[in-house]
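Keeping their order, the protein sequence lines are chains A and B.
Per the numbering used here, residue 1 is the first one in the first sequence, and the count goes up by one each step.
Per the numbering used here, residue 1 is the first one in the second sequence, and the count goes up by one each step.
Only true hints are included.
Distance ranges between label pairs, derived from CB positions:
| # | chain 1 | residue 1 | chain 2 | residue 2 | range |
| --- | --- | --- | --- | --- | --- |
| 1 | A | 26 | B | 182 | 26 to 36 Å |
| 2 | A | 44 | B | 87 | 30 to 40 Å |
| 3 | A | 293 | B | 47 | 43 to 53 Å |
| 4 | B | 186 | A | 273 | 32 to 42 Å |
| 5 | B | 185 | A | 44 | 32 to 42 Å |
| 6 | B | 114 | A | 293 | 38 to 48 Å |
| 7 | B | 118 | A | 231 | 23 to 33 Å |
| 8 | B | 185 | A | 10 | 12 to 22 Å |
For the record, the hints were derived by calculation from the structure and aren't laboratory data.
Beta carbons: idealized from backbone N, C-alpha and C, even for Gly.
The chain contents come next:
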Amino acid sequence: MTDRIPGFSTLAIHAGAQPDPTTGARATPIYQTTSFVFDDVDHAASLFGLQAFGNIYTRIGNPTNAVLEERVAALEGGTAGLAVASGHAAQVVVMHTLMTPGDEFVASKKLYGGSINQFNHAFKNFGWNVVWADPDDIASFERAVTPKTKAIFTESIANPGGVITDIEAVSAIARRASIPLIVDNTLATPYLCKPIDYGADIVVHSLTKFLGGHGNSIGGMIVDAGTFNWSREGRYPMLSEPRPEYSGIVLHETFGNFAFAIACRVLGLRDIGPALSPFNAFLILTGIETLPLRMQRHCDNAKQVTEWLVKHNKVAWVSYPGLAGDKYNALAKKYCPKGAGAVFTFGLKGGYDAGVKLVSNVKLFSHLANIGDTRSLIIHPASTTHRQLSDAQKVQAGAGPDVVRLSIGLEDPADIIADLEQGLGAA
Amino acid sequence: MNHDSYPDSYIRGILNTVKTIAMVGISPKDNRPSYFAFKYLLERGYRMIPVNPGQTGKDILGQKVYAKLADIPEPVDMVDIFRASQFALPIVQEALTLTPKPQAIWMQLTVRNDEAARLAEAAGLKVVMNRCPKIEYGRLSSEISWMGVNSRTLTSKKAQLMGKGVQRMSLNRTTMSGGATDATDRAQRDEEGGH
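So here's chain B without its partners, still in its complex pose:
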């Protein structure tokens, strides 16, 4: 997989398949990006499991916090890594010891570890790096379009409402590519090159 640019079908496939997501490094503070993403995905119907050794035994948004992946007493479909890039490798190594193995490893916006990605892909897992599942869900469901964000999708098909309410949309939406954002992608690569 080319980790600079993912086809929408790849991202949609992962988010449409996984049901249980363990978020490693979630903050209990309600103004942190990890908390935002956790809450958003919980409200979109995912089973969300918080992993943070500093919060062991406590609840975040009603979900019991575990110290490490191995402590989770149920299968995990996806591990979402909310830690700095250098911590991604041991987390992936730990994820690969789980039985059954997760289907996907997701590293958050600004998190990228190519060695960890190679290891996971060699074990048959799908990998996404430097993306936020909340933003990707919002983009592919079209919810993010309400904020004037370029979803980079086009469609002549209706968006699908998700369950109750009118301001939640499902991922079951047919799209093709929309407006490209090459400049921001270039700027991000320049930033990474500068580090």
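Chain A extracted, bound-state conformation:
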């Protein structure tokens, strides 16, 4: 008598969406409104008291954003989602829900540089103290845990170096420490890897990248796996204690296995305020409908390009976990069997000057700071994003003078390779 579960492509198109009940509109309408009228005074009171499900004000929730939230939650196998203004905003709202000043969290030191900055600087102003661990030494996560540790944070595939975390092993450490595991799944997307299947309790995304996929909208997402018992040790008062913001309700006992997403919404998003525009939600939703098709093509193109690059006489090395012989190839086969993503780095024998020449000479690749676009993208971190660091710091961050990062788009792979060939010829 169990119901048949639809496949990933079906969920990517349908999850969360239904024809509009008042107009019959089939595509998800853009509810471009700040506010929603109440049926009556009692209805307003019920909504404000969290006693009814519904819409109040777009900073707290919006029907277009809600479709996006349910869509991503369904694709990840989670119980609920919360859309926010950016991937960075997702991380702020998650940590605000878990941490109090003086608390610690353990994070992989091989992360997207923007996250490293946010954790090292912005979060320390809130008294949320990051302790770094090494994904190449899984035991370092366990050694970093103290009685003040409230969470572990890692990426499934780390940007830009293609470091793949052994999520199952880190999850076992989080479980032993009775703390939740947060996985940033931006580079893999749920099409390539579903971290919840390997023990993640919370998944975060920059929707800006492959999920939206068209380089037109900034957005972020929090997905609640519904797997963590917030009340067991009482270390997460936002979830397990009566909340004065809502006349003493306890969110975990009231909302059960989607309480974390609700706490992020009604305590985090409501009070911190990084709401996603419904227009952005619409564009990202449209992108997600083709995620399985796009992501597979991104991966297939990246594989062709890396296999070509690795043989080029001006290229010193290529760091792509999809390549046979790559340090992370075995983990890629386990966690991302359909492909190892489309973002990678490679080194030029000609060093800094060759990197500058390459980004200057390409004609199809766009020289910019984003990843996960339909267009192929290139950046030379040493002369741009990591320019302010010392040479030693650049090397440690995976942004040495010879390093170039590519995000492979959906153009014809022959054209992508031809552009690199002519660009490298000039380098």
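For this one, chain A is given, so just place chain B on it according to the hints.
Chain B in isolation, oriented as in the chain A frame:
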């Protein structure tokens, strides 16, 4: 019935059939989950009857409170148990003495008593355990989707508005299964195994 996983059609069938629900163990405090569920179901058109011996004779949301099921002077279609699992058996035993018998026994989220369930099912009643009727109504009507919750349903049919207002939806909605949430189900079974 497999009480680990209920088909949506089973839950929808119960919530679409019952009209009068007695909630045993409701709290008069407006910040408690039982009060939330009671109020929500009342606003969705169910006749709601509070049962709580400590509140006998008082009103909760305008509904007279009874000390026990047997005191309710009208037929009850469903008994919703908001008490810890070990209290579910005597409540089911009491429910089975009612005339006419209820059609369904519902045990709230975290409440599960397999012995009580067997007894009720042997008497021809439908049983749901470890679920919240508010959440299930919200899920199957699609109201809960406004909160970004994975309703685990898909449909190409319009949702149906319920009566007055625009933010109340009816259960008369055609759906098929949607995104599964295996991880949370596993975690819950692990928790139960750990107790």
